[in-house]
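Visitor: Listed below, chain by chain, are the residues.
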Amino acid sequence: MSKDKLTKLEKDKIFNGELIPQADALYNFAYSLVFEEARAQDLVQEAYLKAYRFIHSFEPGSNAKAWLFQILKNAFINEYRKKSRQPQKVDFEDFKDKNQLEKQSISIDIEQDVYTHMIGDEITSALNSLPVDFRVAIILSDIEGFTYEEIAKITDIPIGTVRSRLFRARNLMKEQLREYAKEKGFKELR
Amino acid sequence: MRKSHNCKDVVSQFNLMLDGELNPKEEQNMMCELQRCMHCLQEYNLEEKYRKFIQERVQKKSCPSSFLSSLKNKFEQSKDID
Ligand SMILES: [Zn+2]
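If you read the sequences in order, they're chains X and C.
For the first sequence, counting from 1, position 4 maps to 4 in our numbering; every step adds exactly one.
For the second sequence, counting from 1, position 69 maps to 69 in our numbering; every step adds exactly one.
For reference, chain C alone in the conformation it holds in the complex (with noise of 0.2 Å):
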């Protein structure tokens, strides 16, 4: 038997899934539970897209070259650094 449908947990657990920390089970659960529902389904999809944009859009610095090759030299020039 299913259990009823509760939007708020079903929230959670998708917020959950996207991070990567339920099981295939669980999952697989999940992605059944979201069709049930229009309203949770839709959350899902925007959550999904808002997390694809930000992975994507958000600006990343890279070490600057010049500094990480004298960082390297530190260490390769000291005899023990401890």
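One chain only, chain X, in its complex shape (with noise of 0.2 Å):
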């Protein structure tokens, strides 16, 4: 049976069956993109249409996750791209950061009082508050739980950079709940 020639009967199994359950991560991830949930939408929407057209490229059984995060990871830049009215890059190109990669990881001592206290909503704040690509880096691996492998081709970046991406991201976010912690120990110090 050739792969082009799928009947819609079995593009929907396939559609129903492995490409739907991904919906909730996929939406979670759109959303943490654009913090719009008109937007993020769209952007889930336009990622299944894409998945659908695209259906005999994909394996049953295999990666229904990753593939779906790396359709709307290039649906988002395009959205980016025809809209952004402004030059700059954001995107997912490397960050250079100035040689801070070597610097000795940041710990947090998460028992502290006012940090066990942190409520969902700030941590979620914390993390929104990251450049997008290091955002993204935390959400891929932290909370998805992606392989650096799946990383690389989400983002389109190699294996080394997600590695040296993800360390910058997490002493980003480890800083931002120090933040938080400290304002909040304050706060109550009064």
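Please keep in mind that the hints were generated in silico from the structure rather than gathered at the bench.
Straight line, CA to CA, 30 Å or less: simulated DSSO-like cross-link-like pairs of lysine-lysine:
#	chain 1	residue 1	chain 2	residue 2
1	X	K50	C	K74
2	X	K153	X	K13
3	C	K72	X	K5
4	X	K65	X	K50
5	X	K65	C	K74
Both chains are given apart, each in its own frame, so use the hints to dock them into the complex.
Guide: And the structure:
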């Protein structure tokens, strides 16, 4: 059977059985890129449309989630390019950090009182305040559990860059969390 | 003979371990290495806590059900979206 000639029934089976179950993760990813429900929905819909159109290139039983995330990331970049009036480059270009990377990683004692009492909202805002590349790295690795290889594919960067970007993203995240904790501790003292 | 202990290397290696990028043999070596140095062990415990914290506490958005059902409908009704 030629894979190019999947019947509508076969397509629907893959679509409903393997692709649709990823809708929540996909939507969460989309939302973390655009922070707007309507735009997140547009992105998800576009990703599913593309996936359906190219469904013959998907191997049933393979990694549907990574495949969909990659499609959605590309849709996001295209949308960004189309809509952006600014000439600046934001997207998944590697962030050139000024030899920050080799610095010691930042440890945070999560058992600190203020820190333990940090609520989900504050942690989510800390994550959302990171530049998009770093936010995405944390979401893909720490939240969605993708491997370096999958992240490299989704974000279209070399594996070595995934590793260094994650390291830097986590340090930035810890800095943010510490700032929040400090603010909160300060308030509680008064 | 054991290699000398380098804290910086260990930190970057245990990050790989927490990311699931080491094989079982490498993981085993890493765990031994961590027992050799209080500093590294502490860093490791903190990092592990931090990871868990992020996973448990960052809020996730779920796909709105009305949107999802309208999306499914779109695909079911279309004869062929090509
Ligand atoms: Zn050490």
